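Start from chain G and add chain X with the ligands according to the hints.
Chains G and X supply the protein sequences, listed in that same order. Residues in the first sequence are numbered from 1 upward in steps of one, following my numbering. Residues in the second sequence are numbered from 363 upward in steps of one, following my numbering.
Please note that a few of the clues may not be correct.
With a Cα cut of at most 30 angstroms, we get these calculated DSS-like pairs of lysine-lysine [as the list claims (entries may be wrong)]:
1. X:K779 - G:K153
2. X:K582 - G:K151
3. G:K151 - X:K673
4. G:K153 - X:K630
No wet-lab data here; the hints were simulated from the structure. These figures come from a predicted structure and were not determined experimentally.
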Amino acid sequence: MREKRTKVSNIGNNPESTVSAIASPRISLLMGRLVSMGGEASKKSLLKGGPLIALLLLIAYLSFASPHFFTARNLSNVAVQSSINAILAIGQTMVIISGGIDLSVGAVLALSASVAAVAMTYHGQSMVVGMLLALGTGALVGSISGIVIAKTKVPDFVATLGIMTAARGLALIVTGGLPVPSHKALLEVGAGLPSGLIWLGSGDILGVPVPALVIVAVTIMGWHILTNTTLGRAIYAIGGNREAARVSGISIDRTKIMAYTIMGLLAAVAGIVLTGRLNSANALMAGGAELHSIAAVVIGGTTLLGGAGGVVGTLIGAFIMGTLGNGLNLLGVSAFWQQVIMGMLIISVVVFDQWRRRRFAV
Amino acid sequence: MPTEPLLRLEAIDKSFPGVHALDHVDFDLYEGETHVLLGENGAGKSTLVKILSGSLPKDSGRIILRGKQVEITSSYHARLLGIGMVYQELSLIPDLSVVENIFLGRLPRRRVFFIDWPRMYEEAQQVLKKLGLIIDPKVPVRHLGLAERQLVEIAKCLSLNERILLLDEPTSALSEEERQRLFNLVNELRERGISIIYISHRLSEVPIVGQRVTVLRDGKKVATLPVNGVGEDTLIQMMVGRELKEQYPKEKMIPGEPILKVQDLEVKGALHHVDFTLHEGEIVGIYGLLNAGCTTLVRALFGLQKTDSGKIYVDGRRVTISSPEEAIGLGLGYLTRDRAGDGLIHPMPVLPNITLANLKEFSQLGLLQHQKERREGEKRIKELRVLPADLGRCAMYLSGGNQQKVVLAKWLCSGSKILIFDEPTRGIDVGAKSEIFQLFNRLVKEKVGILMISSELPEILAVADRIFVMRRGSFTAEYQRGEATQEKLLKSAS
Ligand SMILES: Nc1ncnc2c1ncn2[C@@H]1O[C@H](COP(=O)(O)OP(=O)(O)OP(=O)(O)O)[C@@H](O)[C@H]1O
Ligand SMILES: [Mg+2]
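Looking at chain G on its own, in the form it has when it is part of the complex (with noise of 0.2 angstroms):
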């Protein structure tokens, strides 16, 4: 892996690029590390290492295919490009490991942007007020999941597929439809979205795009719940051996109910950075997202099975996302095409994985 690092870093020794700080080698490099506690482990990690490969490949190929891919701008692109659909995956990945999913994703994170947004814009609440809005409003719908999965016997993907449509419903009911601030008000009144705010999503911290710092922060936090928690290790346990884990005093519907606040939490954190990225929030935002976000989560090597995964190959499926579709621009690619070769990414990555577990039996 050291050796991977040098090469990278040498092609872009860019002096004034901290933001390669967020360029994907290097935050794979950390994950890596956290993935690898132990002699045992890391080589167990290395047999695991498929989408890692296949995002150092890739990031090589577009590095000779485009002068103009690896540059610290284009590089601190990317991570913003990803950073929407990698919070979202880390959430997804927590769902998906204890035997869910979640398709509600995209519709709570307009949801609680939209609340956010509102209240900031047109009710004059600070952008503290506003934040803990979304993250409340996220929180609650996410819970609101896990409740009635737990509770009833819906299936996760109907239970979430019915509440991904009333979050819209209800994103559009708040905003009335229009994007907020809404062209008027922002012309007539002047009402705007707090600068802070529009910092979270476009601003930087030494060069380094905030999104990109958010990323590194939710995944840490990601991964801390999965490996050093008790909630961590009763989500594997469900997702595992569901009546397994009951006899062995698990609660499947505290922990079920955990994540998909969790989950919501996150989505309302990825509503904040998007509508600080877009400079406003509307109810249609991240259409689409909860694919995106499952898909970021089987590439990183997450079954859809549940018990067995972890939110380092999700950052890495989320990257390899955000690369592809950003080399393909710098390509020429048309956006429609972009569409087709990535839904092909999404299966070879999975063919290629189960050939290789079953060729190498890990």
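Here is chain X with the ligands on its own, set in the frame of chain G:
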């Protein structure tokens, strides 16, 4: 015996990451022979038969069937070659009915598109009857108990009309009656010229069903011998590579205060007026045949089965238990019979599986204490000799017996004062069994009370201080230690 074996394996070799499961093993099987395969947990028995059934590829070696070399590429291919298998960790599909499971992949057709249901029911009922299983073949397998599922799995294999049958621990969940029936059936098949490879940890079965026996140790073949004239002791010696001091070690204990008292427990249609008391430092055995209600009783105690009436006292205090979480909170622990269904978390490594039921002990304010956890895990896998001794290995990659040890370890480190064990030694080899009973002795000294269901008569007779016999949901007899014999237990149970 004909000179040329029906099936010959030459230098079969198979490795998994970090484990050499089979090391150039030779093996042969004659027509109309039952060849018993013995070996400690993890010796490579299941791996060998899985290679024959096409569910695992071999690394090297030759398989010669009827004088011709074959490469078995899939289970489907194995079936075409006339090889059928009963898997150790059953392979039934829970949501399909019994009959659908039995005929899976070869539903009889009437004309082209129509499944011949009447014929299927009839045939299914016939095989099931031979095994003594009287159930409606239309019920989903998910509603059946483990023993019933094992019988259905056997029925599925028997109805195939295969020439070679691979039976991987087919009796591990069966009680005396069904086992006898199975032995008769196996012998009947053999007389019809069918060849059988039979794996079991119950050595008493060897002379009943087998003609020859092969012992594996650490993936290598130790010897192949005719069954006649080999004593159990010799077999044990070959399996574990040392003499076993005592198969069922037992230390005398004087029971203390009552810790669990059950009064008039009733589950409509399953349990009737069950009364008993378990004391500190006591091992109470419960013996019953298929569907006697033993499992229902302990599930009710653990909050997994609704009760209609009755009182439960823990440490003299009246309690109601409506979930395993509450039960564990009250100091109970429950090792279920079906480790694949509700025992093991397969994709999780060994360590978190072991500490799962006692996370409170290994965490503070919800934060896991990895070092403490690891120390405990290391102690437990050493104590129970889980092999390979790797806490980070995924539980699903362990052999059946080692998986059982992991689930046992979970309850041994749960800190429970009342341990309920449903077939605790299912799939565990003789050597490890004796060590597990040593551990029971230690638990008992620590004033733990143990409630043990076992279908293995010698085991329950040797280990339990008192034995209750159950039939059709109620206790029909109680024996003190030393009072009971195999005959008495069987008589009260049937
Ligand atoms: N899929 C697998 N992946 C990795 N290792 C495996 C796998 N299956 C089996 N092993 C290893 O191969 C060895 C032999 O296992 P096998 O299941 O054949 O044992 P066994 O003799 O059937 O034991 P038991 O009596 O416990 O059932 C064990 O050490 C086990 O850990
Ligand atoms: Mg086995």
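A quick look at each hint next to the structure:
1. X:K779 - G:K153: Violated, because 34 angstroms separates the two Cα atoms, which is more than 30 angstroms.
2. X:K582 - G:K151: Distance of about 52 angstroms is beyond 30 angstroms: violated.
3. G:K151 - X:K673: Distance of about 28 angstroms is within 30 angstroms: holds.
4. G:K153 - X:K630: Judged against 30 angstroms, a Cα distance of about 25 angstroms means the pair holds.
Of the numbered hints stated above, those contradicted by the structure are hints 1, 2, listed in ascending order.
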